[in-house]
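**Student:** The listed protein sequences derive, respectively, from chains A and B. Residues in the first sequence are numbered from 21 upward in steps of one, following this note's numbering. Residues in the second sequence are numbered from 4 upward in steps of one, following this note's numbering.
Treat the hints with caution; some may be incorrect.
Derived lysine to any residue pairs resembling SDA-like cross-links, with alpha carbons at most 20 Å apart [stated by the list, open to error]:
id, chain 1, residue 1, chain 2, residue 2
1, B, Lys132, A, Ala100
2, B, Lys132, A, Ala71
3, B, Lys5, A, Gln91
4, B, Lys127, A, Ala71
5, B, Lys132, A, Leu109
6, B, Lys5, A, Ala71
Source of the hints: derived by calculation from the structure; they are not laboratory data.
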Amino acid sequence: MNDPLSDRLQAWTCRPDFDPAFAAGVNARLAASPAGGAAPLFFTPAFRLAAAVCVLVAVGAGVGGGLALNQARANDRFAADYARSIDPLQMASAHGAHVHR
Amino acid sequence: MKRALLLILLVAAVGAAAFGLTRWLGRPAEPADSLDWMAAEFSLGPEQRAAIARLHADYAPVCERHCEEIYQARVRLDGASEAEKAVARAELVRLEAVCTESTRAHLRAVAAHMEPAAARRFLKLVEPKLAGHGHEAPLALP
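Can you build the whole structure from these sequences, using the hints too?
**Tutor:** And the structure:
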């Protein structure tokens with residue numbers, strides 16, 4: 021007894037449609053895309069802007085912190101000089117160097 | 004990831020370099036005297052400055068006398084016999100208390116010529132540098 025399904029499978033052949041323009045289309049799309057594909061995050065303009073802002077903020081914070089610390093140290097020293105100049109207890113310890121500034 | 008780390012390191016290095024250069028190069032100008040420093044730091048007007056200058060001038064001889072008295076009391080204590088030491092030490096303690104109170108009163112009088120916020124900052128800055136400051140309480144404005 022013949023199996024119709026088996027006969028049909030035996031007789032089946034694959035005849036794919038071949039698009040002759042397929043390769044040309046792929047090549048055209050490749051040629052149209054920028055070299056190296058999409059830009060990585062690190063080279064996007066937004067990232068560069070953010071990096072520049074970070075550097076500027078770091079410079080600002082460094083300069084601001086340095087100035088604030090310099091001023092605080094200087095104030096501490098000037099205050100100590102002033103205290104020495106009005107404090108008889110400290111002056112008596114350095115007797116002979118009594119100078120009002 | 005590697006590039007992000009590089010960026011973080013770069014930002015930290017730039018910040019540290021800016022801080023270091025500022026600390027090295029950005030030193031405040033030296034004031035000519037204490038009054039110049041006070042005027043600049045505590046935003047004294049001409050009248051406040053003149054009033055504080057008068058206080059300083061009035062206080063200078065008082066301070067000088069106290070300085071001499073304490074010095075002499077210390078010399079007496081150093082040269083005192085065992086029997087005299089207690090009296091000499093008591094006298095030195097008394098003089099030191101008088102001088103400390105006098106110095107504090109002068110400081111409060113100077114601060115009284117400043118704006119309230121500046122006066123608080125001035126006392127907070129100068130008070131701990133007085134030799135007799137016992138850290139028991141901050142000086143109060145009159």
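**Student:** Of the numbered hints stated previously, which ones are contradicted by the structure, given in increasing order?
**Tutor:** 2, 3 and 4
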